[in-house]
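Undergrad: The primary structure of each chain is shown beneath.
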Amino acid sequence: MSLKRKDLLGIQDLTVEEIQLVLETAESFKEVTGREIKKVPTLRGKTVVNLFFEPSTRTRTSFELAAKRLSADVINFAASASSVVKGETLLDTARNIEAMQADFIVLRHPEAGAPNILARLLRASVINAGDGGHEHPTQALLDLYTLREKKRAFKGLRLAIVGDIAHSRVARSNIYALVKLGAEVRVAGPPTMMPQEIERLGVTLFHNLDEALRGVDVIMMLRLQLERQGIALFPSIREYSRLYCLTPERMKLATPDVLVMHPGPINRGVEIAPEVADSVSSVILDQVTNGVAVRMAVLYLLSGTK
Amino acid sequence: MEVKQTSRTVMDAQEINRALTRVAHEVIEKNHGITNVALVGIRTGGVYLAKRLAKKLQEIEGTAVPVGELDITLYRDDLNARKEHPVLRKTDIPFDITRRKVILVDDVLFTGRTIRAAMDGLIDLGRPGEIQLAVLVDRGHRQLPIKATYVGKNLPTALEESVEVYLEEAGTPDRVVLLP
Numbered sequence: 001m002s003l004k005r006k007d008l009l010g011i012q013d014l015t016v017e018e019i020q021l022v023l024e025t026a027e028s029f030k031e032v033t034g035r036e037i038k039k040v041p042t043l044r045g046k047t048v049v050n051l052f053f054e055p056s057t058r059t060r061t062s063f064e065l066a067a068k069r070l071s072a073d074v075i076n077f078a079a080s081a082s083s084v085v086k087g088e089t090l091l092d093t094a095r096n097i098e099a100m101q102a103d104f105i106v107l108r109h110p111e112a113g114a115p116n117i118l119a120r121l122l123r124a125s126v127i128n129a130g131d132g133g134h135e136h137p138t139q140a141l142l143d144l145y146t147l148r149e150k151k152r153a154f155k156g157l158r159l160a161i162v163g164d165i166a167h168s169r170v171a172r173s174n175i176y177a178l179v180k181l182g183a184e185v186r187v188a189g190p191p192t193m194m195p196q197e198i199e200r201l202g203v204t205l206f207h208n209l210d211e212a213l214r215g216v217d218v219i220m221m222l223r224l225q226l227e228r229q230g231i232a233l234f235p236s237i238r239e240y241s242r243l244y245c246l247t248p249e250r251m252k253l254a255t256p257d258v259l260v261m262h263p264g265p266i267n268r269g270v271e272i273a274p275e276v277a278d279s280v281s282s283v284i285l286d287q288v289t290n291g292v293a294v295r296m297a298v299l300y301l302l303s304g305t306k
Numbered sequence: 001m002e003v004k005q006t007s008r009t010v011m012d013a014q015e016i017n018r019a020l021t022r023v024a025h026e027v028i029e030k031n032h033g034i035t036n037v038a039l040v041g042i043r044t045g046g047v048y049l050a051k052r053l054a055k056k057l058q059e060i061e062g063t064a065v066p067v068g069e070l071d072i073t074l075y076r077d078d079l080n081a082r083k084e085h086p087v088l089r090k091t092d093i094p095f096d097i098t099r100r101k102v103i104l105v106d107d108v109l110f111t112g113r114t115i116r117a118a119m120d121g122l123i124d125l126g127r128p129g130e131i132q133l134a135v136l137v138d139r140g141h142r143q144l145p146i147k148a149t150y151v152g153k154n155l156p157t158a159l160e161e162s163v164e165v166y167l168e169e170a171g172t173p174d175r176v177v178l179l180p
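In the order they appear, the protein sequences are chains A and B.
With my numbering, you'll find the first sequence wraps up at 306, consecutive numbering, no jumps.
With my numbering, you'll find the second sequence wraps up at 180, consecutive numbering, no jumps.
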């Protein structure tokens, strides 16, 4: 079985079956990542290029590990240290990389839709590792994998996604996925951080965090993007924290076996209290572990379509 | 259909059972008992046969033999040549194979490529003291220098024929069929 597509650009155009295939395949790779020798020869001779136009440690490292554990060769391009600063366009950069016989291009880019352009014009498989405020499909897939591992079924699962929904590609990809899989999704955050008509994606909107958390099985916290705070979406970080920080008291509103997730990096004391981030309910580090297995699954499944 | 008219059952349920019983005795004889022996079935048919063999070994020797399951998909040498990847399943070997006598179990031995992949996969999990191979049917046409330690039935075939092993665990009555 393979994904019958060349690229992974977003969750929006994936079917439920395709999502399930990735999750099931990732399970086999999780076994591989738990071995003493965490390497299989599957993608020997293939080349994966990480092309990152935005800073990233977690995602880039995760893709790099995934590729290496499949025995592929990995090259990392950081835009700040490449010809991009000399004025080369995205497409020219990508064409040059492809001319070096790359099989996969993992792209992170500040503009929504950048991976779609590359996917159309290149023979290599393009994997979206985050494009602007659009999508971050592998993050959603690893979140789903973690959820499935802990909660089994998606149908009827109650989740709250909290924070800057408008700027979050993680939130968007997760909403697409969870709604498709039959979960009940609530979003909570200040009005300035909510896209207009967000309900049309099939979610329920809350501005009051306490109300949103009542009876939920999973809380997905988003990072307050401090680097965007120049845009003044909120009077102060202290005020944001007072209204939207996940504290131990607020957690009591959810079900007793609630899971707390966060795509990282976390701002301790801003959107999540340290004692929550470090509590038994927190699966933040499981998400990171599962990320490698899920990305191995994506690379493997896309490699079967040539 | 033409296929049906010329397909031929080469082993029935009783013959499969007898072959496995004999293989079980051979395993015990060769290894002087079953101390330190483990069985690893190659998915999917090999896993069923490994479990049956383990049961027989326990009946004869009175002690349990650990059984693992190995998926060789990630070690195949034809992944690039195939149109589509085979379904990836989980490897599940819940014991340390290091220094053990590991008996790989598969249903049909043909080109030997599956066994090559299985040995590579196994060695990634540890360093077995010994690897042996048990197969229900050896149909010949090896493309690699690989030989089974235990054979249920030697079946001379033409290269273009195919051998199908049906097992109860997969929902079909036990039999081995030769198809043209």
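Just to be clear, a hint being listed does not mean it is correct.
[Unchecked claim] The list that follows gives simulated cross-link-like pairs (lysine-lysine, BS3-like), each with its CA atoms no further than 25 Å apart:
(1) B:90 to A:151
(2) B:153 to A:38
(3) B:90 to A:68
(4) A:6 to B:83
(5) A:150 to B:51
(6) B:153 to B:51
(7) B:83 to A:4
(8) B:90 to A:39
(9) A:30 to B:153
(10) B:147 to A:68
Calculated from the structure, these hints are not laboratory results.
Undergrad: It remains to establish, for every hint, whether it holds in the given structure.
TA: Hints, one by one, checked against the model:
For the given pair, residue 90 of chain B sits about 20 Å from residue 151 of chain A by alpha-carbon distance, which is consistent with the 25 Å threshold. As the CA atoms of residue 153 of chain B and residue 38 of chain A are separated by approximately 37 Å, the hinted pair breaks the 25 Å bound. For the hint linking residue 90 of chain B to residue 68 of chain A, the alpha-carbon distance of about 20 Å falls within 25 Å, and the restraint holds. As the CA atoms of residue 6 of chain A and residue 83 of chain B are separated by approximately 13 Å, the hinted pair is consistent with the 25 Å bound.
About 30 Å separates the Cα atoms of residue 150 of chain A and residue 51 of chain B, which puts this hinted pair outside 25 Å; it is violated. As the CA atoms of residue 153 of chain B and residue 51 of chain B are separated by approximately 19 Å, the hinted pair is consistent with the 25 Å bound. Distance check on the hinted pair: residue 83 of chain B and residue 4 of chain A sit about 11 Å apart at the alpha-carbon level, within 25 Å; holds. A threshold of 25 Å between alpha carbons decides the hint, and for residue 90 of chain B with residue 39 of chain A the separation of about 15 Å falls inside it, so the pair holds.
Pair hint residue 30 of chain A plus residue 153 of chain B does not hold up; C-alpha atoms about 37 Å apart against a cutoff of 25 Å. In summary, the hint linking residue 147 of chain B to residue 68 of chain A is not supported, as the alpha carbons are separated by about 33 Å, beyond the 25 Å threshold.
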